[in-house]
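First residue of the sequence shown: 1099, per our numbering; consecutive thereafter.
Derived from the structure by calculation, the hints contain no laboratory data.
Zero decoy hints are in this set.
With a cut-off of at most 20 Å between alpha-carbon atoms, the simulated EDC-like pairs for lysine to aspartate or glutamate come out as follows:
id	residue 1	residue 2
1	1353	1274
2	1191	1262
3	1191	1501
4	1191	1420
5	1191	1236
6	1191	1498
7	1353	1299
8	1353	1307
9	1191	1263
10	1353	1304
11	1191	1505
12	1353	1303
Now the in silico label distances, taken between C-beta atoms and shown as ranges:
id	residue 1	residue 2	range
13	1319	1517	38 to 46 Å
14	1519	1404	45 to 53 Å
15	1357	1291	24 to 32 Å
Even glycine gets a Cβ: it sits at the ideal position worked out from N, Cα and C.
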Amino acid sequence: MSRRGSRPSESRPASPGRTALLAVVAAGLLVVAGVAPAVASTTDGAAAVDGPKSAASAAQSGGPNPCVGTVAADRRPDATTLVTIQGARAGEKTASLMLGVAPNGSVNGVHNDSAAGRWWQYDVDPLPNGDLLVATTEPGISVTERVDPATGEHVAVTRLETVEDAHDVDALGDGEYVTVDKGDGRNRVVVVDESGEVVWEWRFDEHTDRFPRDGGGPYGEDWTHVNDVDPIGNGTFLVSVRNFDRVIAVDRETKVVEWTLGADDAHGVLNEQHNPDFIAGENGTPTVLVADSENDRVVEYARTDDGEWERTWSLSGGGLDEPRDADRLPNGNTLVTDRRGHRVLEVTPRGEVVWEFYTPWQPYDAERVGVAPGSDGPTMRQVRAEGVHEPTGGAGFGTERIEACYDYLTGVERGRLVPDGELWGTDAGANGSATTATDGSPGDAGDDGTAPGPGDGGTPEWTTVPDDSVVNTPGFGPPAALSALALLALGTALATRRRG
1099 MSRRGSRPSE SRPASPGRTA LLAVVAAGLL VVAGVAPAVA STTDGAAAVD GPKSAASAAQ
1159 SGGPNPCVGT VAADRRPDAT TLVTIQGARA GEKTASLMLG VAPNGSVNGV HNDSAAGRWW
1219 QYDVDPLPNG DLLVATTEPG ISVTERVDPA TGEHVAVTRL ETVEDAHDVD ALGDGEYVTV
1279 DKGDGRNRVV VVDESGEVVW EWRFDEHTDR FPRDGGGPYG EDWTHVNDVD PIGNGTFLVS
1339 VRNFDRVIAV DRETKVVEWT LGADDAHGVL NEQHNPDFIA GENGTPTVLV ADSENDRVVE
1399 YARTDDGEWE RTWSLSGGGL DEPRDADRLP NGNTLVTDRR GHRVLEVTPR GEVVWEFYTP
1459 WQPYDAERVG VAPGSDGPTM RQVRAEGVHE PTGGAGFGTE RIEACYDYLT GVERGRLVPD
1519 GELWGTDAGA NGSATTATDG SPGDAGDDGT APGPGDGGTP EWTTVPDDSV VNTPGFGPPA
1579 ALSALALLAL GTALATRRRG
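Model the full structure from these sequences, guided by the hints.
Printed below as a string of structure tokens:
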């Protein structure tokens, strides 16, 4: 049986009458460049800056942003990406931040939770009423926050005095929230009310037949390192038990473990995983997408008819370094939070990086505005992209660039995280929080916890993943290339006439 502690917080960053004519020619070049799958870091305020001092100045003046990695011009997101950052580098405590990152990589704003006295920042979920629900900590206790995305200000703060180092909190509706407690001698899943009082618990020490005291980490200390819980329908909670390399489903009413994925020290399956998501596949097949952290990969498992699990998809290599979160998006891509790579990236089913933003130090969670928290997309079987894939096309920033990115982010003085056009909830667009609305379960999941398909009547609109080629790149191909060449020819002719 393993005896493990927390992995040290070391940093291992992954290895501008003739001006108008020239602008026409330059525009043509940009169109042709768009045929290529990705553009790195030079669009929309994303140019490099020289060193930390200029990075901080750039942030304060709205200047160039060194954090933008790869951005595919034709396939960048259509909404803000929210990112939480724990804040640790090589044993040094750094700022715990929450970012709102626009599709082009510009920073809407930064919420600095260290300035509010918090220590770690973990999970973030958009609430139906228009707020953000955030799991944070202060020394010895867990703290839940509700943050107004229009201002970055706290709407409510609840200190959970009997819950320690909770990495996740999810709204259940009716004023209840489910979270996890890693406190010494407790190790449990709990439901709390608005005041933070525990109204239900599931204790690991009452299930030592599955979680023996000589397994996981040191009993009485960091024994289970339970780090995530999600409601998945029918009164069932999906729970990640990191130090036992397991994901389990627990019935709230009966407290019975309905199924288990993984086993203690079976590292070929899972190795100290984080943030598993449940996806209902074809015919309702239970499927789990999970950041398999210590294996430096993201994996997807489907449950078979005989109760076993089959690995159907894997993403590894390409600089992935202890990923912390992976969310399936409605378009079939996967949003990955790469903790020790200090970045968030969106990859296609076959691994092409289409959007990438650096987030030092140690990002924990990322959510796309307008998408239900967690995974809200198809399985890889549904898009016929099973197999082992490697992220390709990432920027691969080095230490100096990532340090400049950190200085840039900590220099941002704007608190607003989400622009007006993307706000949600009953007071969306009113530039304030819907504080009187009733919290409910995020997303559009039905009673069985499965989200309907994106088409009419729940019919999936996903198709076979196309080959990675120019012709199949949305918005480009022969017509666009010919248009670009025509524009270049026009610009050249005009310039020649002007010059004569």
